[in-house]
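Enquirer: For reference, the chains in residue letters:
There are 2 protein chains.
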Amino acid sequence: MANRIITISRQFGSGGRTIGRNVADKLGIKCYDQELIIKMAEQSGFCHDYIKEGSEYAVPGGWLANAFVARYANGMSNQDRLWIIQTNIIREIAQKESCVIVGRCADAILEKEEYADSLKVFIHANFEKRAERIVKVYGETDVPSEKRLKDKDKRRAAYYQFYTDRKWGDAAHYDVCLDSGTLGIDKCVDIISQLY
Amino acid sequence: MANRIITISRQFGSGGRTIGRNVADKLGIKCYDQELIIKMAEQSGFCHDYIKEGSEYAVPGGWLANAFVARYANGMSNQDRLWIIQTNIIREIAQKESCVIVGRCADAILEKEEYADSLKVFIHANFEKRAERIVKVYGETDVPSEKRLKDKDKRRAAYYQFYTDRKWGDAAHYDVCLDSGTLGIDKCVDIISQLY
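Each protein sequence line maps, in turn, to chains A and B. For the first sequence, numbering that gives the first Met the number 0 begins at 0 and goes up steadily by one. For the second sequence, numbering that gives the first Met the number 0 begins at 0 and goes up steadily by one.
You may find that some hints are simply not true.
It does not matter which identical chain is meant; a pair holds if it fits inside one copy or across any two.
Said to hold, decoys possible - Computed cross-link-like contacts, BS3-like style, restricted to lysine-lysine with a CA-CA straight-line distance of at most 27 Å:
1) K166 to K128
2) K153 to K166
3) K111 to K128
4) K166 to K151
The hints are simulated quantities; they were obtained by calculation from the structure and are not laboratory data.
Take these sequences, add in the hints, and give me the full structure.
Expert: Here is the structure:
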């Protein structure tokens, strides 16, 4: 039988990563997030920080900046190579064990049922709640919360749309979408664990 | 204290109305749906069938067809009048009692917290599951399921967007979005009741 995977897509500052970890703890399964990045780094030979920047937040191909990106003989950019490496790793993990995977477009990558029996979750919250949370979790920076949120949202949405051909945050792509701002982190963890 | 209202927006054929009724039964509160239409009819003097057509499925203003719609001296079309009547009725209901309200843009109408403490739900399912369900629930018609679904989806989305200035089905507008096709009707009822 296929492993059971929970994929969590999340708006920046919505607490999606915390929810993913708590769900995994509750169910006694593993949560892949930074670990996944490190695993990617080892396999690809790319340095850790570059992968973190390039894997989910980078503005993808087709844009002006991309014209200056290093390309290989086969026409693939570093980002495209990272996408392929990431896709393979996520599929390997899904074939190996039941787990939670946060971000990384895992929902779209595991869509085909042959890879896994997955529960696709999207976590969001309104602007004010997320602004409050990023200051609490990541601390203040020189950049105002509003700009930090808008910037990350925009990059995640563009990355997701480019590589999956879907609209990020469209309810139709997920089994369950939850507002962590109105429901609270603990209730989100309860619902997801219960649906597993 | 404000009454507690569950608003259910739903794709046609997703079982949202059934879910709404079952949630209401489980919680011992009332579910407003066809009843609401009848109430509107009484108040406005419009005939029942006209209201059903005009209230949620009608293609709203700004379109060519609208140029031929009857208008009053104040520039309002029948549809605009219906929108105002509907808005007032939903607010009255929310002030009167805790309940479930299916459709009718109730989520957006009750947004301002002064009206109610509301849990905003969106129910969806993929095309195949909904096509299966509409044949089971409403029977076969001369019009193929695909056309029936696409037509209703388009009308509901256009109506919602016109009167609320929001994108229908965007996860960010709801506290919880559920895929009734993958989760099943009963699990949706459980989750919503539990969140109440």
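Enquirer: Hint numbers the structure violates, sorted upward?
Expert: The structure breaks none of the hints.
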